[in-house]
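Novice: The lines below spell out each chain.
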Amino acid sequence: RKEVEQDPGPFNVPEGATVAFNCTYSNSASQSFFWYRQDCRKEPKLLMSVYSSGNEDGRFTAQLNRASQYISLLIRDSKLSDSATYLCVVLRNSGNTPLVFGKGTRLSVIA
Amino acid sequence: GAVVSQHPSRVICKSGTSVKIECRSLDFQATTMFWYRQFPKQSLMLMATSNEGSKATYEQGVEKDKFLINHASLTLSTLTVTSAHPEDSSFYICSARDWGTGGGYEQYFGPGTRLTVT
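Sequence order for the protein chains is D and L.
If you want this note's numbering, it's the position in the first sequence, counting the first as 1, plus 1020.
If you want this note's numbering, it's the position in the second sequence, counting the first as 1, plus 51.
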């Protein structure tokens, strides 16, 4: 089983739509969680951290369910500029604790 | 925020040659750097963790004799792909952890190096 699993999509949504991405992780000892965004042929960039209490940053809301080992990202009022691949990322709780990436979910927002 | 640079950004080489990729933390000291590889439409796969002044820790399935990692200073790590073959063609991305800020969890990514082996 992969450490981090995501639905690869693609998700094709119209502007203004609300879209949700899900992610599961296998290591219950994982300590920190993030959503990254990656544009085509670019490096990933941190979108937001994910906290147990849930957190919101503008149109983006992230949720974490430690019991189910489940992470989600909700994007409201989608913009064309939101088109990208969204990566679910977990901080491995061992050694030098590298970030472990999911395969990513591709989002295309259509005018 | 912290900046990580990579050089070169793009390289084309012939099969059997070796290629060196540099990763530098520009405004912070990075005791730990990570090397990832990403094939088209795949996720970033961690190849190895590089610690300044010691041997790198490789992920399972990554050949340490083929992917040589050197982390000789707090701001520089290098990845050398030895005897490159077409199947090594990929997007190689490094990242560095800035232990001075963000509770130690902030990882900054370089812009990546696109390697094409012909």
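Because the hints were derived from the structure by calculation, they are not lab data.
Mixed in with the good hints, there may be bad ones.
Below are the DMTMM-like pairs computed for lysine to aspartate or glutamate, each with C-alpha atoms no more than 25 Å apart in a straight line [to be verified]: (1) D:Lys1099 to L:Glu110; (2) D:Lys1099 to L:Asp116; (3) D:Lys1022 to L:Glu73; (4) D:Lys1062 to L:Glu73; (5) L:Lys92 to D:Glu1076; (6) L:Lys92 to D:Glu1025; (7) D:Lys1065 to D:Asp1097; (8) D:Lys1065 to L:Asp116; (9) D:Lys1022 to L:Glu110.
Just the calculated beta-carbon pair ranges, DEER-fashion [to be verified]: (10) L:Leu119 to D:Ser1073: 37 to 45 Å; (11) L:Pro91 to D:Arg1079: 28 to 36 Å; (12) L:Lys65 to D:Glu1076: 18 to 26 Å; (13) D:Lys1099 to L:Phe90: 22 to 30 Å.
Each residue gets a CB set at the ideal place from its N, CA and C atoms; glycine is no exception.
Novice: For each hint given before, does the structure comply? Return the numbers of the non-compliant ones in rising order.
Specialist: Violated hints (numbers, rising): 1, 2, 3, 5, 8, 12; every other hint is consistent with the structure.
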